[in-house]
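Protein chains: 2
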Amino acid sequence: MKKEVYSNMVIAQSGGPSMVINESLVGAVLAAKSNKKIGKILGARHGIAGILGDDYADMRKLTKTQLEAIAKTPSSALGSVRKKPTVDDCRKIFEAFKKRKVGYFFYIGGNDSADAARIVAEEAEKENYPLVCYHIPKTIDNDLRSCDHTPGFGSAARFVASAFKGDDLDNRALGGVKINVVMGRDAGFLTAASALARENKNDGPHLIYVPERPFTLDGFVSDVKDAMKKYGRAVVAVSEGIRGEDGTPVAALFAKGEKDSHGNLQLSGTGALGDYLSTYLKANAGISRVRADTFGYLQRSFPGVRSEVDAKEARQAGAAAVKNALQGKITKGTIAIVRAKGKKYAVTFEAVPIANAAKETRSLPDSYIAKNGHDVTRKFIEYASPIVGKLPHSELIP
Amino acid sequence: MKKEVYSNMVIAQSGGPSMVINESLVGAVLAAKSNKKIGKILGARHGIAGILGDDYADMRKLTKTQLEAIAKTPSSALGSVRKKPTVDDCRKIFEAFKKRKVGYFFYIGGNDSADAARIVAEEAEKENYPLVCYHIPKTIDNDLRSCDHTPGFGSAARFVASAFKGDDLDNRALGGVKINVVMGRDAGFLTAASALARENKNDGPHLIYVPERPFTLDGFVSDVKDAMKKYGRAVVAVSEGIRGEDGTPVAALFAKGEKDSHGNLQLSGTGALGDYLSTYLKANAGISRVRADTFGYLQRSFPGVRSEVDAKEARQAGAAAVKNALQGKITKGTIAIVRAKGKKYAVTFEAVPIANAAKETRSLPDSYIAKNGHDVTRKFIEYASPIVGKLPHSELIP
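Top to bottom, those sequences are chains A and B. Per numbering that gives the first Met the number 0, residue 0 is the first one in the first sequence, and the count goes up by one each step. Per numbering that gives the first Met the number 0, residue 0 is the first one in the second sequence, and the count goes up by one each step.
Do not take every clue at face value.
Said to hold, decoys possible - Some chain B residues judged to face chain A by a derived CB distance under 8 angstroms, without partners named:
(1) 65
(2) 172
(3) 299
(4) 345
Claimed, not checked - Restraint-style ranges between C-beta atoms, simulated for each label pair:
(5) 225/A / 344/B: 43 to 53 angstroms
(6) 231/B / 245/A: 33 to 43 angstroms
(7) 245/A / 251/B: 49 to 59 angstroms
(8) 54/B / 380/A: 29 to 39 angstroms
(9) 285/B / 200/A: 50 to 60 angstroms
(10) 218/A / 337/B: 29 to 39 angstroms
(11) 246/A / 364/B: 52 to 62 angstroms
(12) 231/B / 85/A: 23 to 33 angstroms
(13) 246/A / 144/B: 53 to 63 angstroms
(14) 62/B / 329/A: 41 to 51 angstroms
Treat the hints as calculated values from the structure; they're not laboratory data. Bear in mind that the values here come from a model prediction, so they are computed numbers and not experimental data. Yeah, the Cβ is synthetic: ideal placement off N, Cα and C, and Gly gets one too.
Sequences and hints are given; from them, build the entire structure.
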């Protein structure tokens, strides 16, 4: 016998914010508002913490103008959380849902958030709570297995590529070595996007280090020396997640060991990795002018710097989740973004079981990494360019 | 007897790049092209290093389209240098100028570059070399005594304010303390500009620390605790140049002592100050989630993020230098940007003797700093807003 599903819905945001996660929120809310099956539209503040604390915003009260302005505002408008729900949390969530007559639950986030939604979905089955549960993809890291690319990546990649474009011009002016540390715990997509900054001859980044290839200090010193010989300067992109040959993150050497409830080590919000590499290079490569910047949280929340393709797709992903949840073919799902074959860029949004998105991350494919291990391939550029959009032109004096 | 002045001109860029230093270059070149008194227009690459090395770009060869594209490109298109000329350098410069029949010299840069131009100008007098020499103001630090504000500041301030706007939204989502370290060796203008990010109630930055007020770790811990109590979170703007009560830069505790030929300690291109404050706060304020980012070089070279008022004034400053150099009333000059009195924002560009700009820096006036020492006043906001321009609106969920 098919269980009755309550008509009210809860939507929430989880994990690291992005430039376009509010587009997904607004896409889902607008889709829900336009469908009579949905009753209340409750925005839980700070993800599952808001459900456990009965802290909701009434999303129906927001006007179209407000919603459109929220969509353009960076970061997670409902607040976020990094919390892996326990079985006990899930029971409390279902009690809270029952009280509020909630039958639909949408959770916007990355791998850990997908995993949290999967846990809630599976516990709902076990507990016989009638819940339609959808994860809506978001991560600037671009490492969800279920998606060709994830909402949030295009805009963050646009920030990274723009930053490298400006910083490479800066390095042209004053010379030396410039290291920029880019976000991406496990996957090198965002660091690889630095290559989109290249436009003119000899433009940087001249070296790109991703977590998918082992990083050695000796190799680094040798690569930088080669670049200095070739270009008279060197701009270097380094992922915060680079690992040694044994798989240990290089940043683990300095991190104080702070971990969240998903077991992730703090990598962002510190300049330690860049400073370590900079100091090492000064001491071991005989180069005096070495600078290191860590792009940090600006990558995911800088107002105005966003990819319009990314923004549009983020909204479509939110709307697709609501549409598929109401169709009911898949009741515990996530939205896969699938790229059409052929030369013209196009994507479709398909509902797939939630387990497809959860936890395990996707790495930069081998075909996107250059043979030398410290650059990307043409294939990566072709993959990423339409998602990131065209960058401002830079004109050099011949 | 009035000495004959050669008709050829040399223009060059010096010191840290900015978003609009190429606007000044193009403003000066276009003004020179439109005046028959000027012969060759030579762009020296990497400042006085290019003069000493006879390395020039022929600026007359650039088309209007190329020049306009260069104007919009961040960083110093001619390359830059940090070099204080010795008396011996000056003699070599005059020999080089004589060989190239150079009678006009324009040097675009900040305090140190103004000082370099002053040295060249004074040595020219002593050596009887007939030189019209103009400094064209540029510094994101906004600390030239001769200017109400300097070209480059508005755009860098726009980057800083935008970054804080996004980062404050990020902090709203995930909570805790976020420290952002902002450029500005001696003056707090750029750090103060973080306050322009505020739009909605309780928006950060909640604390602003500038070099003009002594910084103590005890005071810092106490201020952050107060902010946490009041807002449940804290976004903190810290100048890279903050000093202890004895005037020693806090960053001097970690810096490896690298100095340039003007005697400046390296402050940028390292995350050490932010990391130190973050670690100290975790240990002494009982707050677990503390993150620190250092904005670094992105502040001066991020493509697309620029203030249109700043860009326009940078170009006008370049043009004004050429115009005044040719008028000949002041032969060793700099361009002062003077703000008109009254409510409507307007500026004029006036030639003043070069000594007015050189070396000594301007600090944030007392009237711009709040009594508590860790915020700005309404007066500062009124001063800076028209230079920075309106920021993107951020909409919160009520």
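Tested hints:
Here the hint on residue 65/B is kept, as its CB sits about 6 angstroms from the closest CB of chain A, short of 8 angstroms. With its C-beta approaching chain A no nearer than about 4 angstroms, residue 172/B sits inside the 8 angstroms limit, and its interface hint holds. Here the hint on residue 299/B is kept, as its CB sits about 7 angstroms from the closest CB of chain A, short of 8 angstroms. Against a cut-off of 8 angstroms between C-beta atoms, the interface hint on residue 345/B is violated, since the closest Cβ of chain A lies about 27 angstroms away.
In this structure the hint that residue 225/A and residue 344/B lie 43 to 53 angstroms apart at CB holds, the actual value being about 51 angstroms. For residue 231/B paired with residue 245/A, a C-beta distance near 41 angstroms keeps the hint of 33 to 43 angstroms intact. For the pair residue 245/A and residue 251/B, the supplied restraint of 49 to 59 angstroms is violated, since their beta-carbon distance comes to about 37 angstroms. At about 33 angstroms, the beta-carbon gap between residue 54/B and residue 380/A stays in the expected band of 29 to 39 angstroms.
For residue 285/B and residue 200/A, the Cβ-Cβ distance of about 54 angstroms falls inside the hinted range of 50 to 60 angstroms, so the restraint holds. About 55 angstroms separates the C-beta atoms of residue 218/A and residue 337/B, a value inconsistent with the hinted range of 29 to 39 angstroms. Taking the beta carbon of each, residue 246/A and residue 364/B are about 55 angstroms apart, inside 52 to 62 angstroms as hinted. The hinted range of 23 to 33 angstroms is satisfied by residue 231/B and residue 85/A, whose Cβ atoms lie roughly 25 angstroms apart.
Distance hint check: the CB atoms of residue 246/A and residue 144/B are about 56 angstroms apart, consistent with the given range 53 to 63 angstroms. The hinted window of 41 to 51 angstroms between residue 62/B and residue 329/A is violated, with their beta carbons roughly 59 angstroms apart.
Violated hints for the displayed structure, listed by number in ascending order: 4, 7, 10, 14.
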